[in-house]
Amino acid sequence: MDALSALIGRVSPVRLGDIPPDEAALRQILDAGLRAADHGRLRPWKFLVMRGEARLRFGEVLAEALRKRDPVVAESVLKAERQKPRRAPLLVVVAAATKENTKIPVIEQVLSAGAAAQNMLVAAHALGLGGFWRTGAPAYDANVKQALGLKPADEIVGILYLGNVAAPGLPKKPDPSGVVEEWTGPAT
2 MDALSALIGR
12 VSPVRLGDIP
22 PDEAALRQIL
32 DAGLRAADHG
42 RLRPWKFLVM
52 RGEARLRFGE
62 VLAEALRKRD
72 PVVAESVLKA
82 ERQKPRRAPL
92 LVVVAAATKE
102 NTKIPVIEQV
112 LSAGAAAQNM
122 LVAAHALGLG
132 GFWRTGAPAY
142 DANVKQALGL
152 KPADEIVGIL
162 YLGNVAAPGL
172 PKKPDPSGVV
182 EEWTGPAT
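Taking our numbering, the leading residue of the sequence shown gets 2, the next gets one more, and so forth.
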């Protein structure tokens, strides 16, 4: 698949199957993340790969973090939280491991991590795999970050769910109106 087809044709699947990317595909996906735009060559990323039983342990981390955020949460909600990592056979937590640098603002480093996540999703699509990007409350939870071995200043920019496509998403042609504008000079 050529680059433009991969970029324009990628959609999040409705559901992923049980087949993870093989090692060669995973290496290519991670290599695509490592090629993200990176002002200052800081490599402000951390990619945490989860598969097999590690996904189940991550489900427990998610449930415990939710319990700490909401001590009266219903057991059925905790059960659903535990199941989230089972949505895909392989997860990649993409974090911005920002560095103090007077030349490169933190926001640029976080954006670089986001670009790395997008590169990985497009690479997965180009390889015939599916992937979707999630955040939610766990991405901003100090307990989740600690359990993953991240520093308090690190930011989880996304949890990528990767695997074979069990139910494809419906490609929709994006409407550029209200997003794409011609700029001709300063507003007066």
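Just so you know, the hints here were simulated from the structure itself, not pulled from any lab data.
Any given hint could be a false lead.
Unchecked claim - Straight-line C-alpha distance at most 25 Å; calculated DMTMM-like pairs for lysine to aspartate or glutamate:
{"id": "1", "residue 1": "100", "residue 2": "54"}
{"id": "2", "residue 1": "47", "residue 2": "109"}
{"id": "3", "residue 1": "80", "residue 2": "19"}
{"id": "4", "residue 1": "85", "residue 2": "61"}
{"id": "5", "residue 1": "152", "residue 2": "65"}
{"id": "6", "residue 1": "80", "residue 2": "54"}
{"id": "7", "residue 1": "80", "residue 2": "142"}
{"id": "8", "residue 1": "152", "residue 2": "39"}
{"id": "9", "residue 1": "173", "residue 2": "183"}
{"id": "10", "residue 1": "174", "residue 2": "39"}
{"id": "11", "residue 1": "47", "residue 2": "71"}
{"id": "12", "residue 1": "80", "residue 2": "109"}
{"id": "13", "residue 1": "85", "residue 2": "155"}
{"id": "14", "residue 1": "47", "residue 2": "101"}
{"id": "15", "residue 1": "152", "residue 2": "109"}
{"id": "16", "residue 1": "152", "residue 2": "54"}
{"id": "17", "residue 1": "85", "residue 2": "101"}
{"id": "18", "residue 1": "85", "residue 2": "109"}
{"id": "19", "residue 1": "47", "residue 2": "155"}
{"id": "20", "residue 1": "47", "residue 2": "61"}
{"id": "21", "residue 1": "85", "residue 2": "3"}
{"id": "22", "residue 1": "152", "residue 2": "32"}
{"id": "23", "residue 1": "47", "residue 2": "142"}
{"id": "24", "residue 1": "85", "residue 2": "24"}
{"id": "25", "residue 1": "47", "residue 2": "65"}
{"id": "26", "residue 1": "69", "residue 2": "155"}
{"id": "27", "residue 1": "47", "residue 2": "76"}
We went through each hint and held it up to the structure:
Between residue 100 and residue 54 the alpha-carbon distance is near 32 Å, which puts this suggested pair outside the 25 Å criterion. Distance check on the hinted pair: residue 47 and residue 109 sit about 15 Å apart at the alpha-carbon level, within 25 Å; holds. A hinted pair counts as satisfied when its Cα atoms are at most 25 Å apart, and residue 80 with residue 19 qualifies at roughly 20 Å. For the hint pairing residue 85 with residue 61, the CA-to-CA distance comes to about 10 Å; that is within 25 Å, so the pair holds.
Under the criterion of a C-alpha separation no larger than 25 Å, the hint pairing residue 152 with residue 65 is consistent with the structure, at around 19 Å. Of the pairs offered as hints, the one joining residue 80 and residue 54 holds, with about 17 Å between alpha carbons and a cut-off of 25 Å not exceeded. Annotation: proposed proximity of residue 80 to residue 142 holds, straight-line Cα distance about 18 Å (limit 25 Å). With a CA separation close to 20 Å, the supplied pair residue 152 and residue 39 stays within the 25 Å bound.
Straight-line distance between C-alpha atoms of residue 173 and residue 183 comes to about 24 Å, which keeps the hinted pair within the 25 Å bound. About 30 Å separates the Cα atoms of residue 174 and residue 39, which puts this hinted pair outside 25 Å; it is violated. For a cut-off of 25 Å, the pair hint linking residue 47 to residue 71 is broken: about 28 Å separates their Cα positions. Between residue 80 and residue 109 the alpha-carbon distance is near 37 Å, which puts this suggested pair outside the 25 Å criterion.
Restraint check for residue 85 and residue 155: satisfied, since their Cα atoms lie roughly 22 Å apart, inside the 25 Å limit. Proximity of residue 47 to residue 101 is assessed by CA-CA distance (about 16 Å); at most 25 Å being required, the pair is judged to hold. Simply put, residue 152 and residue 109 have alpha-carbon atoms about 18 Å apart, close enough for the 25 Å limit, and the pair holds. A hinted pair counts as satisfied when its Cα atoms are at most 25 Å apart, and residue 152 with residue 54 qualifies at roughly 24 Å.
In summary, the hint linking residue 85 to residue 101 is not supported, as the alpha carbons are separated by about 33 Å, beyond the 25 Å threshold. Only pairs whose Cα atoms come within 25 Å are accepted, and residue 85 paired with residue 109 is rejected, the gap being roughly 30 Å. Between the alpha carbons of residue 47 and residue 155 the distance comes to roughly 9 Å, so the proposed pair stays at or under 25 Å and holds. For the suggested pair residue 47 and residue 61, the alpha carbons sit about 21 Å apart, so the restraint of at most 25 Å is met.
In summary, the hint linking residue 85 to residue 3 is not supported, as the alpha carbons are separated by about 32 Å, beyond the 25 Å threshold. Distance hint between residue 152 and residue 32 is fulfilled; the C-alpha atoms sit about 23 Å from each other, no more than 25 Å. For the hint linking residue 47 to residue 142, the alpha-carbon distance of about 17 Å falls within 25 Å, and the restraint holds. Taken as a hint, the residue 85 and residue 24 pair is honoured in the structure, with Cα atoms around 23 Å apart against an allowance of 25 Å.
With a C-alpha separation of about 23 Å, the suggested pair residue 47 and residue 65 falls inside the 25 Å cut-off, and the hint holds. Proposed proximity of residue 69 and residue 155 is supported: the alpha carbons are some 20 Å apart, at most 25 Å. Simply put, residue 47 and residue 76 have alpha-carbon atoms about 32 Å apart, too far for the 25 Å limit, and the pair is violated.
Hints 1, 10, 11, 12, 17, 18, 21 and 27, counting from the list given before, are not met by this structure.
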